[in-house]
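S.K.: Residue numbers (this note's numbering), protein chains in the order written: chain A, 1 to 85; chain B, 1 to 575.
Simulated from the structure, these hints should not be mistaken for laboratory data.
For clarity, every value in this text was computed on a predicted model and none was experimentally measured.
From the three backbone atoms N, C-alpha and C, an ideal C-beta is built for every residue, glycine too.
A portion of the hints provided could be inaccurate.
Derived DEER-like restraints, expressed as beta-carbon distance ranges [stated by the list, open to error]:
1) V442(B) - G45(A): 50 to 58 Å
2) S2(A) - G524(B): 49 to 57 Å
3) A315(B) - F25(A): 52 to 60 Å
4) H240(B) - K4(A): 53 to 61 Å
5) N81(A) - E519(B): 58 to 66 Å
6) F25(A) - P550(B): 31 to 39 Å
7) L34(A) - Q226(B): 22 to 30 Å
8) K430(B) - Y71(A): 41 to 49 Å
9) G28(B) - Y71(A): 32 to 40 Å
10) G328(B) - G45(A): 51 to 59 Å
Chain A stretches covered by chain B per the calculated footprint, using a threshold of three residues with CB under 8 Å from any CB of chain B [stated by the list, open to error]:
11) 27–39
12) 45–54
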Amino acid sequence: MSDKNLKNYWKENLRYLIGLLTVWFVVSYGTGILFVDTLNQFSIGGYKLGFWFAQQGAIYVFIVLIFIYVYLMNRLDRKYNVNEE
Amino acid sequence: MELQIWTFLIVGVTFLLYIGVAIWARAGSTSDFYVAGGGVHPVLNGMATAADWMSAASFISMAGLISFMGYQGSQYLMGWTGGYVLLALLLAPYLRKFGKFTVPDFIGERYYSQTARVVAVICALFVSFTYVVGQMKGVGVAFSRFLNVEFEWGVVIGVGIVFFYAVLGGMKGITYTQVVQFCVLIFAYLVPAIFISMIMVDNPIPQLGLGGTLEDGTPLLDKLDQLSTDLGFKEYTTSHRGKIDLFFVTAALMLGTAGLPHVIVRFFTVPKVADARKSAGYALVFIALLYTTAPAIAAFARTNLINTVDNKEYASMPYWFGNWEKTGLLTYEDKNGDGLIQYYNDDNPEFVASVAAARGWEGNELVVDQDIIVMANPEIANLPDWVIALVVAGGLAAALSTAAGLLLVISSSISHDLLKNWLMPEISEKQELRAARISIAVAVVVAGYFGINPPGFVAQVVAFAFGLAAASFFPAIVMGIFSKRMNMQGAVAGMITGLVFTASYIMYFKYGGGQGHPEQYWFGISPEGIGTLGMLLNFAVSLIVMQFTPAPPQEVQEIVENIRVPRGAGQSTGH
Numbered sequence: 001m002s003d004k005n006l007k008n009y010w011k012e013n014l015r016y017l018i019g020l021l022t023v024w025f026v027v028s029y030g031t032g033i034l035f036v037d038t039l040n041q042f043s044i045g046g047y048k049l050g051f052w053f054a055q056q057g058a059i060y061v062f063i064v065l066i067f068i069y070v071y072l073m074n075r076l077d078r079k080y081n082v083n084e085e
Numbered sequence: 001m002e003l004q005i006w007t008f009l010i011v012g013v014t015f016l017l018y019i020g021v022a023i024w025a026r027a028g029s030t031s032d033f034y035v036a037g038g039g040v041h042p043v044l045n046g047m048a049t050a051a052d053w054m055s056a057a058s059f060i061s062m063a064g065l066i067s068f069m070g071y072q073g074s075q076y077l078m079g080w081t082g083g084y085v086l087l088a089l090l091l092a093p094y095l096r097k098f099g100k101f102t103v104p105d106f107i108g109e110r111y112y113s114q115t116a117r118v119v120a121v122i123c124a125l126f127v128s129f130t131y132v133v134g135q136m137k138g139v140g141v142a143f144s145r146f147l148n149v150e151f152e153w154g155v156v157i158g159v160g161i162v163f164f165y166a167v168l169g170g171m172k173g174i175t176y177t178q179v180v181q182f183c184v185l186i187f188a189y190l191v192p193a194i195f196i197s198m199i200m201v202d203n204p205i206p207q208l209g210l211g212g213t214l215e216d217g218t219p220l221l222d223k224l225d226q227l228s229t230d231l232g233f234k235e236y237t238t239s240h241r242g243k244i245d246l247f248f249v250t251a252a253l254m255l256g257t258a259g260l261p262h263v264i265v266r267f268f269t270v271p272k273v274a275d276a277r278k279s280a281g282y283a284l285v286f287i288a289l290l291y292t293t294a295p296a297i298a299a300f301a302r303t304n305l306i307n308t309v310d311n312k313e314y315a316s317m318p319y320w321f322g323n324w325e326k327t328g329l330l331t332y333e334d335k336n337g338d339g340l341i342q343y344y345n346d347d348n349p350e351f352v353a354s355v356a357a358a359r360g361w362e363g364n365e366l367v368v369d370q371d372i373i374v375m376a377n378p379e380i381a382n383l384p385d386w387v388i389a390l391v392v393a394g395g396l397a398a399a400l401s402t403a404a405g406l407l408l409v410i411s412s413s414i415s416h417d418l419l420k421n422w423l424m425p426e427i428s429e430k431q432e433l434r435a436a437r438i439s440i441a442v443a444v445v446v447a448g449y450f451g452i453n454p455p456g457f458v459a460q461v462v463a464f465a466f467g468l469a470a471a472s473f474f475p476a477i478v479m480g481i482f483s484k485r486m487n488m489q490g491a492v493a494g495m496i497t498g499l500v501f502t503a504s505y506i507m508y509f510k511y512g513g514g515q516g517h518p519e520q521y522w523f524g525i526s527p528e529g530i531g532t533l534g535m536l537l538n539f540a541v542s543l544i545v546m547q548f549t550p551a552p553p554q555e556v557q558e559i560v561e562n563i564r565v566p567r568g569a570g571q572s573t574g575h
């Protein structure tokens with residue numbers, strides 16, 4: 001693979017990482033810790049929303065993030081033809 | 001059937017199962033021994049990772065901790081799961097492509113330096129060793145409490161089982177036993193949780209039950225807030241302490257997870273780079289099964305406990321109360337001699353002065369150890385004996401699976417990183433395999449010895465293990481992948497700064513002059529969270545030193561380019 005292709009592949013990968021890690025940061029440190037009091041004014045089911053994020057929601061989002069990453073990277077690998085046989 | 005018989009039966013059957021699996025999955029080569037031949041299916045690897053990851057502390061102590069900490073306990077829930085996102089996105093696929101056996105392998109080659117390798121080996125040994133001693137102790141406790149075996153013999157039996165399948169099977173044996181152990185431990189954790197959730201809020205899914213409503217129509221969590229404040233405790237669901245410390249502790253646990261060698265090494269065992277990414281996802285699914293159930297158990301148990309004991313007659317307590325009193329994990333002292341149990345927060349001066357004084361209460365009379373919560377849960381909810389026996393087998397599975405994973409890191413650090421790659425590079429594969437078996441055997445025995453005679457520092461092991469992993473390995477590996485320019489001088493300077501800073505801060509506040517003086521914490525950060533600051537320092541020092549020192553050699557830069565693309569990942573090899 002040419003150097004230019006490799007650079008673009010890596011750049012797109014980094015873009016995905018920044019996007020996904022931003023969400024990761026927001027659901028754990030944002031909604032779960034820094035803004036938890038504000039969110040606690042709302043509720044879903046019998047949960048205060050901030051408390052739900054801190055003890056349930058953040059974990060569900062983590063799982064979803066990893067599988068989105070798997071999907072995006074498999075697609076990217078094929079696009080740049082660097083996937084494993 | 002009696003509880004004792006049930007316990008012997010279930011624990012015995014699970015142990016036979018582990019031994020059977022180990023015989024089936026013997027290791028024939030160093031590749032089998034270190035990375036299970038690199039052929040483990042990602043789903044199975046996910047289960048093994050989950051069992052490896054969830055220790056006696058996750059299984060036995062965590063729900064109890066949350067039960068007493070309420071919202072603050074979220075630091076464990078988010079901290080011990082969020083690291084998997086970092087692992088999947090920043091580390092696992094690249095380290096798999098790199099294709100070697102151990103973390104010091106990567107550090108040593110990427111930073112073309114024997115010094116870096118040795119620093120990494122020492123960190124790996126220290127972290128794994130402190131961690132494994134705690135597991136052995138957990139095995140001893142479970143045996144002594146439920147099987148009426150002496151604590152020492154409990155540890156010896158545990159050591160014997162791990163010895164058998166770790167020495168015989170190496171990573172291959174350990175991986176497949178861990179798959180079985182995961183099934184045992186998750187079943188044992190979920191069954192009582194489901195029963196209790198049905199009893200309390202009439203919902204078979206504990207994750208939803210936590211947000212459910214009680215028979216009288218009040219939401220469980222509102223009720224719990226009410227019960228807590230009525231007894232002078234803080235509200236269960238809201239935050240009270242500084243946010244900074246919570247932030248730093250959560251971050252240190254996440255970064256530490258992503259830097260722990262026994263977790264990272266799991267991603268060397270799958271066949272492909274794409275599998276390494278996927279496997280981290282599966283691992284987190286399996287871990288989340290337990291981690292989203294734990295807060296439900298915590299809230300159910302807390303509500304149950306308060307309702308059972310609050311101002312009730314001591315003489316009318318159910319039989320489990322007496323059982324746990326015998327173990328010393330639950331103590332009652334009738335301070336005002338009224339025959340009733342007063343359980344309240346006597347550290348709350350306002351509550352003591354107003355409510356408690358008016359009622360003639362003379363201090364909190366009940367002390368409950370956090371470890372009881374999971375172990376006594378089935379008894380408190382009146383579940384059948386076989387469920388209690390199952391919980392014992394689950395706790396043992398959690399402790400044994402984690403111990404085995406850690407012991408493997410210790411053995412590969414010695415036989416592969418120290419002997420093969422440093423002291424005796426001329427040994428053959430056969431000799432290396434024998435060295436690996438001998439070192440794992442010695443490590444098991446030494447860990448067992450310290451499990452019986454634990455050195456004082458073991459209690460603080462979590463702060464150390466996670467803080468040090470976060471402050472040393474994590475930045476060095478991430479920069480090794482994401483910065484082509486990062487060189488040996490930068491990485492070594494960063495690792496040493498992170499390590500020394502974090503270790504000194506923990507030592508000062510845990511054993512030195514700062515003991516018992518939390519007001520001296522920098523920015524209010526407790527020793528548990530200081531690894532995050534150590535990690536930031538590590539990054540800063542590395543990046544500065546890098547500016548003033550030469551770029552890494554051409555072939556190292558090529559390694560970095562190579563690990564960034566998945567194509568061409570062969571099997572993990574030692575050479």
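S.K.: Decide, hint by hint, whether the structure agrees.
M.R.: Taking the hints in turn, this is what the structure says about them:
Here the CB-CB span from V442(B) to G45(A) is close to 53 Å, well matched to the stated 50 to 58 Å. Restraint check, S2(A) to G524(B): a C-beta distance of roughly 52 Å satisfies the suggested window 49 to 57 Å. Roughly 54 Å separates the CB atoms of A315(B) and F25(A), a value that falls within the hinted 52 to 60 Å. At roughly 55 Å, the beta-carbon separation of H240(B) and K4(A) lies within the given 53 to 61 Å, and the hint holds.
Taking 58 to 66 Å as the suggested C-beta distance range, the pair N81(A) and E519(B) conforms, at roughly 60 Å. Between F25(A) and P550(B) the C-beta distance comes to about 35 Å, which sits within the given range of 31 to 39 Å. The hinted window of 22 to 30 Å between L34(A) and Q226(B) holds, with their beta carbons roughly 27 Å apart. Between K430(B) and Y71(A) the CB atoms are about 43 Å apart, so this pair conforms to the stated range of 41 to 49 Å.
As the Cβ distance of G28(B) to Y71(A) is approximately 36 Å, the hint placing it in 32 to 40 Å holds. A hinted range of 51 to 59 Å for the beta carbons of G328(B) and G45(A) is inconsistent with their spacing of about 39 Å. Counting residues of the stretch 27–39 of chain A whose C-beta lies closer than 8 Å to any C-beta of chain B gives 7; at least three are required, and the coverage claim holds. Under a criterion of three residues with beta carbons nearer than 8 Å to beta carbons of chain B, the stated coverage of the stretch 45–54 of chain A is upheld, 7 such residues being counted.
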